[in-house]
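> Below, each chain spelled out in residue letters.
Number of protein chains: 2
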Amino acid sequence: MSAFVSPRVDEKVTPLAGQRYSYVEGLYCPRCAAEYAHQHVQQLCQCGSPLLVRYDLEALKASWSKADLASRPWSLWRYHELLPVTSPDAVVSLGEVVTPLIELPVLGADMRLDNLVMKDEGLLPTGSFKARGAAVGISRAKELGVTHLAMPTNGNAGAAWSLYAARAGIKATISMPVDAPFITRQECAAAGASLTLVDGVISDSGKQIGEWVKATGHYDASTLKEPYRIEGKKTMGLELAEQLGWQLPDVILYPTGGGVGLIGIYKALQELQTLGWVTGKLPRLIAVQANGCAPIVKAWQEGARVSEFWERSHTHAFGINVPKALGDFLVLDALYATGGRAIAVSETAIRWEQTRAAQLEGTFVCPEGAAVLAAARELSTLGEIGTHERVVALNTGAGIKYPDSQSFHVDVLDKQSAIPTAGFTTASGDSHERT
Amino acid sequence: MSAFVSPRVDEKVTPLAGQRYSYVEGLYCPRCAAEYAHQHVQQLCQCGSPLLVRYDLEALKASWSKADLASRPWSLWRYHELLPVTSPDAVVSLGEVVTPLIELPVLGADMRLDNLVMKDEGLLPTGSFKARGAAVGISRAKELGVTHLAMPTNGNAGAAWSLYAARAGIKATISMPVDAPFITRQECAAAGASLTLVDGVISDSGKQIGEWVKATGHYDASTLKEPYRIEGKKTMGLELAEQLGWQLPDVILYPTGGGVGLIGIYKALQELQTLGWVTGKLPRLIAVQANGCAPIVKAWQEGARVSEFWERSHTHAFGINVPKALGDFLVLDALYATGGRAIAVSETAIRWEQTRAAQLEGTFVCPEGAAVLAAARELSTLGEIGTHERVVALNTGAGIKYPDSQSFHVDVLDKQSAIPTAGFTTASGDSHERT
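Chains B and P, in that order, give the protein sequences.
Residue 0 is where the first sequence starts when you use numbering that gives the first Met the number 0, and the numbers rise one by one after that.
Residue 0 is where the second sequence starts when you use numbering that gives the first Met the number 0, and the numbers rise one by one after that.
In case anyone wonders, no lab produced these hints; they're calculated from the structure.
What you are looking at is a predicted structure, and each value in this text was computed from that prediction instead of being measured.
Mixed in with the good hints, there may be bad ones.
Because identical chains cannot be distinguished in the list, a pair is counted as satisfied if it fits within a single copy or across any two copies.
Using 25 Å as the maximum straight-line C-alpha spacing, the simulated DSS-like pairs for lysine-lysine come out as follows [said to hold, decoys possible]:
1. 206 to 170
2. 414 to 213
3. 65 to 280
4. 65 to 297
5. 414 to 170
6. 60 to 280
7. 414 to 206
8. 414 to 323
Isolated chain B (complex conformation) (with noise of 0.2 Å):
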C-alpha cells in the first residue's frame, strides 16, 4: 500500500529511535502472585484468577513523555508503549478512533449536574467499545500464533471478536445466549464465525465454550481468560486522561457486566499515576448494573471480596446480564480503593433516561449508557454526586445496535394523505388549533 501516504487515524505508529514499541515485561497474578513470561499463550493463573499485564514503567518513565504523543494518529494506538502487542507490524486495526467526550449541558442541568461528560463508545469500529479489547487482544493473539479462538459472549464482544479475527485471519468460534441483540449475531455470521446460540444465559455459553475449548485445545478468548483484552480496554482510562489535559474528573460511571473496562480504566489511572501523568486523587469508580442483575452492587452493599452467581438474572440492558463474572473481586477491590460504589437502576429508568438523552441531547445511547445516565441521576438526587463535580459517563455501544430497546407509535399516511398541520405553530407565529 505504499501508493498512499499518511492515512491519519488507521497510520502505524512507529517506536521513537532507539525505543521499544512496546514495554511490556510480564504477566502476573493479581490474587497469588505468580508471575507468568508474555512470550508465550497464556490463560488463567493456575489458582484460577486472570492474569495481569506488568509494564517496566520505570524505564518507560524515563523516556517517554506527554510531548511524544503530539503528533500521533488519534486512536487507542498512540499509547502504544502501555500496550502489550510489541511491534507495529502485528496491529490489526479497523480504524479505533480515540472516542470524542461529548459535553451534556442539558441533560447535565435536568439531572443538577454541572459538568457532566460522556464518553461515545459507540463511535468505534462494530460500534462499541469491545473493539477496543479485540483491537489489542487479536493483535496479540496474532503476535502469539494463535489460528483459532473460542468465546462466550452477550452479544457486542462477539461481534467485535470476529470482525477482528476475520481481518486478522484467524478462526473463531462463538456462542451466545438466544436472546442476544440480533445485530450481533449476524455480524459474527457476516464474518464467517462459527457461532452457535445457547438456550441460556451467558454462563450457559461460558460452560459449552470452556468444554469445547478442553476438546480442541484451541484458544479461550473469554472474558479475562487471556490478559490482553484488558489492556485494549484500558485506553478508555488513557484517552480520557489525555482529552481532560491529565486532569482526572471526580467520578466516572461505568456499565458493569464482566467488569473489564472498569478494572482496564483502574489500571490505567495507576499505570499513569506511577509514570507522574496524573497525580491526587483517583476519580471515585462507580460500577453500574440493572435490578435484574445486580451481583457486584449486592457484594459492594456487603462489603465482600467477591460476588454470588445472581439467580434468574435478567435485564434489557443485554451487555450487563452477567451473573457471574471472573474478575468480580478485581472490580470490587477498584471500588474500595478509589472509595466508589456499585448501584443498580430499573428497567423503566433504563428506558426513561436513553429517551432523555435523545431528546435533550441528541445522544441515542445504548442502554447500558443509558443505565450508566440514570444512575448518575439517581446519585445526584441522593447527593452522592455533588452539583459542581466534574462527571465522566461512559457510554459503550451506539444505541442503534438496540433497534428493539424502545416502543414508539408512528403513524403510516397513504400518499394521498397530507401530514398533519394542527398543533403546530408556523414560522410566523401563528397556532394551528389541533382539532
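With chain B held as given, fit chain P onto it using these hints.
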C-alpha cells in the same frame, strides 16, 4: 463546562488571530448564476435549482496554510474556514471524528486491485455519513435562527437531522417510507421528532413535506433545498485529500441516491485546487447505483445532462433508492468533468460483496457501501479500473443499521448440549472427523 480542559475531538476550534472563522462569501445558482446573500435563510434559487456556497478563496489562499491544520482536533471542524458556519459558538457537534481510511489488501487482491482503501463513514455519530450534513446543516440553521425544520428521508438522514436538531433545540418534522430501515425510525422517534411514515417511496415523502412546509412556512431541510448540507458532505473530500497527504487518488466510488456526497466531494476537490493544495488531474468520480433504481446510470449512458424519474424503484440498499434527484445535473456534470462514469449493480452482488468484505477484511459495511465494493470489482473485471490504480471506496454507513440485509442460518443449542467439535482441527493439528 470550564472545569474541563481540552477534550479533543469535540473541542472548539477558534479562529487564528485576526482571521475569519469562515470565509463564506455568499450563495450562487449553478444553473442560472443568480447570487444570494448567505446571511438569511435561502432555499432553492428562483429558477428551481439548488444553491451552492461560495467562499473567498483568494483571501483564504493568502492567509491559510496546510501547517495551520497540524494542531487542530481530528474532526470535520478542522476545516472551518471552508465551512459556512461563521462562529465556533454556533457549532452543534456530537463528535464528528475524521473517519479512518481502512486499507483493504485482501479484498483488493480478491478483485485484482492493489491499492484499495475504504473511507469508513460508519464511525460517525448516528452510524452514517449523514452526520456530516446534519452537523453543518443544523449548525448553520441554528445560526440563522431556524426553530423548526422538515424533511423527507430514506432513514439515515432523518435520523441524523432529528438527533442534531434535538441537540440544537430545533424541532423536526420528518417523513420516511414505511419500508425504510426500522432503526432509523427509532432514532427519529427517540429524538422527539414529529415523524410520519408514508406507504410509498422518498419522493412521496418529499411531496408531503413540501406541502407541510408550504402550509407552515417552516424551514425545508430536504436534500439540496437548503445550501449547507452539501458543505458538510464536502468534508469527506477534504479529509481524504489530507489523509492521502494531498495526493489525490485515481478513482473515487460513491453510492449515489441524492448524490449530495458526490457533489460535495467534487466541490471540495475544486476548492482545494483553487487554494493550490492539490494539483494535477482530479480523480475519476464514479456514481454507483442499484439495478432496481439507476436513473443516473441511464442518463450517463445516454449522455444526458439530467435524469428521468425511475418508476417502481426498488433496492435493499435503501439509501440509494432515490428515483429522481434534485441535483442530478450536478452529479452528471461531475462524472463528465472528471472522466468518471455511473454503474449499477445487482441485489445479489451487493449481498455477496457485503459478506465477502466482512469475511476477508472484518469490515461490516452497509448495503450502499457493499454496492460500491461490488462496482469496484466489476470495473476491475471490465478493465476500467487498472490493477495499480489508487482507489477509494466510500462506505457511507455501518452495516449494523441494516440487521435484515442478510439471512444466515444459526443453530440453537439447549444448555446441556455441546458445541460440535467435528470438522475442527485441534490446536495440536489433529482433525476431528465430521460425522
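> If the cut is 25 Å between Cα atoms, do residue 60 and residue 280 qualify within a copy, between copies, both or neither?
within (20 Å within a copy, 49 Å between copies)
> Could you place residue 414 and residue 170 in one of the four classes (within, between, both, neither) given a Cα distance threshold of 25 Å?
Close across copies (24 Å), not inside one copy (49 Å); limit 25 Å.
> Could you figure out if residue 414 and residue 323 sit no more than 25 Å apart (CA to CA) within one copy, between two copies, both or neither?
For residue 414 and residue 323, the Cα distance is within 25 Å only across copies (17 Å; inside one copy 53 Å).
> Cα distance capped at 25 Å. Does residue 414 pair with residue 213 within a copy, between copies, both, or neither?
This pair counts as between: shortest inter-copy Cα distance 17 Å, intra-copy 60 Å.
> If the cutoff is 25 Å on CA atoms, where do residue 65 and residue 280 land: within, between, both or neither? Let me know, please.
within (20 Å within a copy, 41 Å between copies)
> Treating 25 Å as the Cα threshold, decide for residue 206 and residue 170: within, between, both or neither.
Within one copy only: 20 Å inside, 50 Å across.
> Regarding residue 414 and residue 206, is the shortest C-alpha distance of 25 Å or less found within a copy, between copies, in both, or in neither?
between (53 Å within a copy, 9 Å between copies)
> Please work out whether the CA atoms of residue 65 and residue 297 approach to 25 Å or closer within one copy, between two copies, in both situations, or in neither?
neither (40 Å within a copy, 56 Å between copies)
Hint 4 alone, counting from the list given before, is not met by this structure.
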